Structures are given as C-alpha cells and as structure tokens.
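S.K.: Chains as they are written, first to last, in this note's numbering: chain A, 802 to 1209; chain Z, 802 to 1209.
Treat the hints as calculated values from the structure; they're not laboratory data.
Where hints are given, some of them may not hold.
[As the list claims (entries may be wrong)] Not the full set, but computed from the structure, chain Z residues with beta-carbon under 8 Å of chain A:
id, residue
1, Leu857
2, Ala859
3, Glu895
4, Thr899
5, Gln903
6, Ala1118
7, Trp1124
8, Gly1155
Small disclaimer: the values here were computed from a predicted structure and weren't measured.
Ideal Cβ positions, reconstructed from N, Cα and C, are used throughout, including at glycine.
There are 2 protein chains.
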Amino acid sequence: MTTSPFAPKNLPTLTSLRGVSLGAVRAGIRHANRLDMMMMRFDAGAHVAGVYTRSLTAAAPILWCRSACDDGEIRALLVNSGNANAYTGTQGMEDVRTLTAQVASEIGCDASQVMICSTGVIGEFLPVPSMMSAIPQLHHHIHADGWDEAARAIMTTDTFPKMATRTCMIAGTKVTIHGIAKGSGMIAPDMATMLGFIVTDASLPAAIMKPLLARYTVKTFNSITVDSDTSTNDAVLMVATGGSRSPAPHSAGDPILDELKEALYDLMKELALLIVKDGEGARKFITYRITGAEDDESARIIGLAIANSPLVKTALAASDPNWGRIIAAVGKAGRWINPDQITLYIGDELITHGGAVVATYNEATAKAHMLQSELLIRVDVGVGEGCADVWGCDLTERYIEINANYRS
Amino acid sequence: MTTSPFAPKNLPTLTSLRGVSLGAVRAGIRHANRLDMMMMRFDAGAHVAGVYTRSLTAAAPILWCRSACDDGEIRALLVNSGNANAYTGTQGMEDVRTLTAQVASEIGCDASQVMICSTGVIGEFLPVPSMMSAIPQLHHHIHADGWDEAARAIMTTDTFPKMATRTCMIAGTKVTIHGIAKGSGMIAPDMATMLGFIVTDASLPAAIMKPLLARYTVKTFNSITVDSDTSTNDAVLMVATGGSRSPAPHSAGDPILDELKEALYDLMKELALLIVKDGEGARKFITYRITGAEDDESARIIGLAIANSPLVKTALAASDPNWGRIIAAVGKAGRWINPDQITLYIGDELITHGGAVVATYNEATAKAHMLQSELLIRVDVGVGEGCADVWGCDLTERYIEINANYRS
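Generate the whole structure from the sequences, applying the supplied hints.
M.R.: Structure representation (structure tokens):
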C-alpha cells in the first residue's frame, strides 16, 4: 500500500517508560507474517481510564473494557488487528473471557485487570486457538522499548504507524506521556476514535484521568473525520503507571496538573491529526476553523457537517473552489446560523460577506490555495462566540478502491 | 455523459393535461445550446402546494415560493437549471422579483401567482438579462405537449429525464396526474427532494394537497439517498388545475380521494426511485427494508444510516457481502435497537440471528445476490413494529469523477 503523502518524514522515538513493557507478535489473525497482536504489561499500581464508541452495536471487547478494571487498576492490555470481534454475540464475549484469562494467568493477576481491544473485520469470530498459543510467546517477548512494534501491530489500513510523545513537569517531577493510535477509515464524529493508547509514568488515579480524557477527546479525536462512519470498536485508553513517583494531585483542577494537561491535549491532537493525515485515499488535509457559532459544540457540529460533505470533499479533491457547497453544508448542519452574515475564507481569500459573494473575490487566488496539500477554510456563521477547529480530508477514487477491496 | 444503466428503456408519454401548457428554451444560463429554462402556465383557478428544503441557507427562489401563492392560486412556474441562485443575498431576491414580474406581465397575472425554482451551481448570480429576453420567447413557445422538453430542461447531472404519470377516478370522474423530477446528486434525507413538479387536472385546494404531499414525501423523496448531502434548492410542488371538473372533496380524509392518494403516492415513489437510479456514478440500486423498529420514523432513520454509510456503499460497489458494515451502520443510527436480535438478510440469505452470524450462512449465496444490479437488504432490529423502505445506491469512482469536475 502506498504510504500517505502526509506520513511524517521521521517517526518519533518512544523511549522506555517506567512501569510498562510491551511488544507485538505475528499471531496469523488475518494475514500470515504481519504483526497483529500487541500486549502492554503494567507494573502493579497502574491506573486506567477510557472513552469508548457510542455505537449501539459495540464490539465484545468494548463491552468488556467498559466493565473491567472497575477500580481503575490495570495490569495488562491485549490488542489485535485483523478481526474486530464485533457482532459476534455470546461467542465473542466468551472469546474475550478466554483471552483475558490467559493473559491474567501469564501475568499473575485477575482477569478483570486485563483490558482488550480489537480492530478489523466485523462479524467474524476470533481465531482463538492461534491467539492463545501466541500469548505466552508474546508475554515472553515484551520489553521496555516495544513502542514502535506495538504501534505497527495495531494498524489495519493505516499506511504508517502513529506515535507521539511529550514530557512535562508535575510539581518538580519530570513525567513522560507516550501515545500510539491507529485509524484511517471509519473515522467520524460522535465516537472516541479508532484506537488510541496513551501511557504516562505520572501518578494519576482514574477519577482524574477520565474527565481530562473525555474533555480532550471532544477537541481532538471527536473533531476529526475521514468518512463519517462510526466504528463498533473505537476506544481511547489512558494508563498512568506511577513509575515517575510524581506527587499525587488533589483533583483534576489541581494546578500541579497544568503542564500535564497541556501536554496531554497536545499529544492527543497530534495523534488525531495523524489519523486524518492517513485518511484512506487522502491527498489533502484541511483545517476547518468555525467561529461565530452559538457555542463551541455548535461550531464543532457545523465544522463536521462541512468536513463530512461528499460534495465538499470531492470539490477539494479536484482543487475546485466550489464554495457554494461549503455554504450548503453549513445550511444542512441544523445549528443556529445567520445566513446573511456568513463570512467564508479559503486561505486568506475572503469569499462571502453580507449574504453573498464579495465583489473583490478572486477565484484564482482561492484556487491557488486549494492546489496546496494543506488547506485552511474559515467560516464565521455570525451569531455568537462559539468556535472550533475540525480536521478532515478530501474524497478520492482511492478511498473507494481501498474500501471496495478491504476484505480481499 | 454515459446514461445510467438503470435508465428506463422507454420514457412514458405525458399527454396533454387540461389547464396547463408548458415548454422549454435555451437561455444560455450555463451552457450554450441546451434546454435550461422551463415554464408552465396554468389556467385561472389552479392551486398549488409545496414542500421545501430544510436547509438554513435556502436559496432565493425557495424563500420566494414559501411566501408566494399565499392563497394557493398559481398561474405560472418558471424553472431554470445551471444556476441555483443560492447564497446570492439581496441581489438574488431582487433577481427573483425581476423574473417573476416579467412572467406575470407576459401572462397578465400578479407576480405573487408565479412560482420560481432554480438548480445548479451555488453562489453565482443569475444571468438575468439573457433570461429576461428568453421569457417572451418561452411564453410564446409553450404548448399542451411540452412535458418531455420540460423534464429535460430541469436536468443538471441527470443522465435521463424523469417522468411519470397515473390516472385514477374521483367519484366517477377520471383524473390524470403527471410528474417530472430532476436530481442525481446532493440527494439526501431531511429535505423535500431535488426538484419535483406534479400537476393534476383534479380539483383540489391547497389545504388538501399540502398534507398529502408532506405525508408521501416522507415515504418517497425523503426515503432516498445518493450522497447524504442536502441541497439549498430542493422543492416538490403540486398543482391542481381543476381542468377535469372532478367533484371537490370535503377534506383530505374524504373517501372520494382514496384512488387519487394511491395514485399520487405511487407516482411520487416512481419519481423518487428514478432519482436514485440516476444516482451519480451508481451501478447498483438497493432497497433497504427495515422492520422491527420502535416506529416507522426510527426505521427510516436506521435505513438511511445504512444507505448513507460510505463503507456500506463501497462494499456494495465491490459486490462484497461485508455485512459487518451494515451492522455497524445500524449501531451508529442512534435509534433504539436490540443488538442481540438483529436479523439481517442479503437477498434471501439469512446472515445474523441471536446476536451473531448464523451457522448456515453461505457467503457465496450472499455474494451471488450482491453481484446483481438490483439488491434487497432486509434488517429487523428486534424492538417493535416500525418499518420503512429506503432506497440507495453504491458509491463508485465515477461519483468522485462527476463531482470533482462538475463546474468545469
């Protein structure tokens, strides 16, 4: 598969993080000879928080994760690609129990301390025997520096592994945050994302991580779109190993967390943008900056309506400044706008003001901006102070080619 | 442009209808030498009702139609293709006033009795001078048998004209209903449709037509989807000329209308399906039959979620029975379902029951059905008695090609 033109030239190096070892193996889940099963093992004392898909046909591993690790303590995470274990009924849940029990037995913990995520084809049963036989090998293999292989093992149609890292201080103690993610299709609003795994050596209880993760997910993973489809398996997990022995915050509002919050948001945004930049068939990366909405949520919804419009996306693919399609998408979003006060810019070119195209509009300038591979489209909808950035890509023939042939 | 493989082999002949004359001319609105402006002239006593787009950036002609013909009396309808007169601000409304006044002056009626519709590129101003000079010529040209040219003049990316006709009895008097429509992209839920014009020689007041039109629009034009985009210009108008001198009904519930209701619904459904069958780039036509929903509206929403899913549509393009994508679309629709009781059929092949794939499922049989050009996909969501049929098409490279090059 051709690597996305937006793939980072250099992948970041995720160094070892106190309290976690990880790695990946070839379990032959869908294809022979590719890394398709990943494990993270955490030292005792690690805590976890998660946000999950809102799909009403959520996969078995999602149902497990929602109820496992109830006290927030986690000892291991098992992830496979190639098979989503979604819409697999009681057999799917039984398979989750079998696999988590096996991991728990290897590690010596309770199965409820093992999280599991799956991604891939929906509706097929997991090849449990081959996964079971690979687990001991995987457990034997994990090591402190397995981030790159872990990021690769969770890929499906991704054309490059997605990794990000940040460091910051918590009351004088340096902490590190690593994150890996996967996803390049079935990316849409109203879900957690595809898969995102964030690990920090900070000392944080689940009750503090959960609201931070939820808040930043809205502005990062839930503000991107590739194809408007919501997956059955989306999850973002954050684990704090406590390996840095950083001071414990009193609450999510404790000022000692200020730097960590900024670093976490930044890392989540980087991962989210990498997912858009690996959008199936994408040749253009677009930032939609919505202002003047009733509130931030309205701005996000309007931005996603534009970013998801097939007509906008095909115009983008053709570098055609067919701006009327953007206006039409604003109109269909269903949020409060003032149609006579929409201010629309493509790049720095002002297109509309006062309810119609402005006399100064120069299509050639807009076209020149659209020929670039990274675009900025700004829309002010003229009613309030709400604003949001939303990120999307274009829709090309290649998207169809990829998705028509995914299973074959 | 290649004609859709689903184009009817023979177009119906719409014979003359008492009380209306119509025709089309080449006004050079976007392209030279194509029919792009159509007029219908009605005898005094004709009544009109309409349903319109819910877009918040509705076009100037939509704003006009919503307020014109307040008493339900209509004398003329002017329609152009090539330019939507949408997001054109005060200039756009001024142009509507100029054009309707000119038509009114030709015919000798009040401008408020002239309806106007436009379809085409958004954001550009109408070429009013060339339209003005074409109006007298068009008025001179209209005749009783202009249905075919009228249907052609309203086409944009349509590859064939869409026409349908029915006859029925109202209390012993034979009446006829003719309909023409256009639309092949920007077709989506939550709107009236693209453009649909229905004319009958029955005697019906606006107050009776309006609720019938609204009710059947939900089950026809609002149950189809090509690309999930909602246009700024969608409208369905129904005009009753009264030329048949059929008895006047007392109310919309009057039993003398039973046959007419059936005929009207049937005609609207035929036109709606012709729009899907001309879906941009479509090679497959799919009927989604949803049952077991909480209510009919839930069933329609679930059906549209499936029909609009890019992942389902690309799988359809590849004739790949990747049924998990259908389940995922059911899950993202946000309506009440029982995930453990979804019964899914592709053609006659039962795929899921009791929360997972059934042991008897034979992918080859499902694949054989998917290789056909007209498919039936049935989904029972296991919670109630609500049901709906929804119609959609596949998503092919050709859709992108058409929409990337529309303006050029």
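S.K.: Which of the stated hints cannot be reconciled with the structure, identified by number in ascending sequence?
M.R.: 3, 4, 5
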